[in-house]
Amino acid sequence: MKDHERAAYIVNVWGSEKKAKIAVLGDFFRHGFDGSGGDNMEDAGSCIDGRLTSAWNWCNNIRFKAFYPLFLWAGFSSFDGEMST
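According to this note's numbering, the sequence shown is numbered sequentially starting from 764.
Read the hints as simulated data drawn from the structure, not as lab findings. Among the clues, some could well be false.
Unchecked claim - Across the chosen pairs, the derived CB separations fall in these ranges:
no. : residue 1 : residue 2 : range
1   : I785      : L835      : 18 to 26 Å
2   : L835      : S779      : 15 to 23 Å
3   : H767      : W819      : 34 to 42 Å
As the list claims (entries may be wrong) - Okay, derived cross-link-like pairs now, SDA-like style, lysine to any residue, Cα gap no bigger than 20 Å in a straight line:
no. : residue 1 : residue 2
4   : K784      : F796
5   : K781      : F791
6   : K781      : D766
7   : K782      : T816
8   : K781      : W819
9   : K782      : L815
10  : K828      : G778
11  : K781      : A829
12  : K782      : H794
13  : K784      : T816
14  : K784      : L833
15  : K828      : A770
16  : K765      : N820
17  : K781      : D797
18  : K782      : A837
19  : K781      : F842
20  : K784      : G798
21  : K781      : L815
22  : K765      : F791
Note that CB positions come from ideal geometry on N, CA and C, so glycine has one too.
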């Protein structure tokens with residue numbers, strides 16, 4: 764896929780690059796700290812543990828997000844610290 768095709772996809776799906784960035788960040792800030800990821804509130808942990816569990820849960824489920832193709836195009840493969848270039 765050529766860069767102009769990617770740019771057209773971003774505009775058609777997200778409206779603009781800025782709106783795509785806002786969608787990713789908005790989703791993370793909405794769900795990355797919401798206490799999700801534990802089977803119950805006790806497993807989710809205390810304040811800090813619960814937030815880390817939520818962030819991990821968001822990262823673990825990123826492949827189901829509508830913006831996942833944007834991560835793949837950027838060379839993302841996983842949150843293990845490796846990026847393909």
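Status of the hints after comparison with the structure:
1. I785 <-> L835: 18 to 26 Å: At roughly 19 Å between Cβ atoms, L835 and I785 fall inside 18 to 26 Å, so the hint holds.
2. L835 <-> S779: 15 to 23 Å: Cβ of L835 to Cβ of S779: about 20 Å, so the range 15 to 23 Å holds.
3. H767 <-> W819: 34 to 42 Å: holds, 36 Å
4. K784 <-> F796: Satisfied, since the Cα-Cα distance of roughly 18 Å is no more than 20 Å.
5. K781 <-> F791: With Cα atoms ~15 Å apart, K781 and F791 stay inside 20 Å; holds.
6. K781 <-> D766: Distance of about 17 Å is within 20 Å: holds.
7. K782 <-> T816: violated, 27 Å
8. K781 <-> W819: violated, 25 Å
9. K782 <-> L815: Violated: K782 and L815 sit about 26 Å apart, past 20 Å.
10. K828 <-> G778: holds, 17 Å
11. K781 <-> A829: With Cα atoms ~16 Å apart, K781 and A829 stay inside 20 Å; holds.
12. K782 <-> H794: Roughly 18 Å between the alpha carbons, so the hint for K782 and H794 holds.
13. K784 <-> T816: violated, 23 Å
14. K784 <-> L833: Given pair K784, L833 holds - Cα atoms ~10 Å apart, limit 20 Å.
15. K828 <-> A770: holds, 19 Å
16. K765 <-> N820: violated, 32 Å
17. K781 <-> D797: violated, 24 Å
18. K782 <-> A837: holds, 17 Å
19. K781 <-> F842: Distance ~23 Å between K781 and F842 Cα, so the pair is violated.
20. K784 <-> G798: Answer violated: K784 to G798 is near 23 Å, above 20 Å.
21. K781 <-> L815: Not OK: K781 and L815 at ~27 Å, beyond 20 Å, violated.
22. K765 <-> F791: violated, 28 Å
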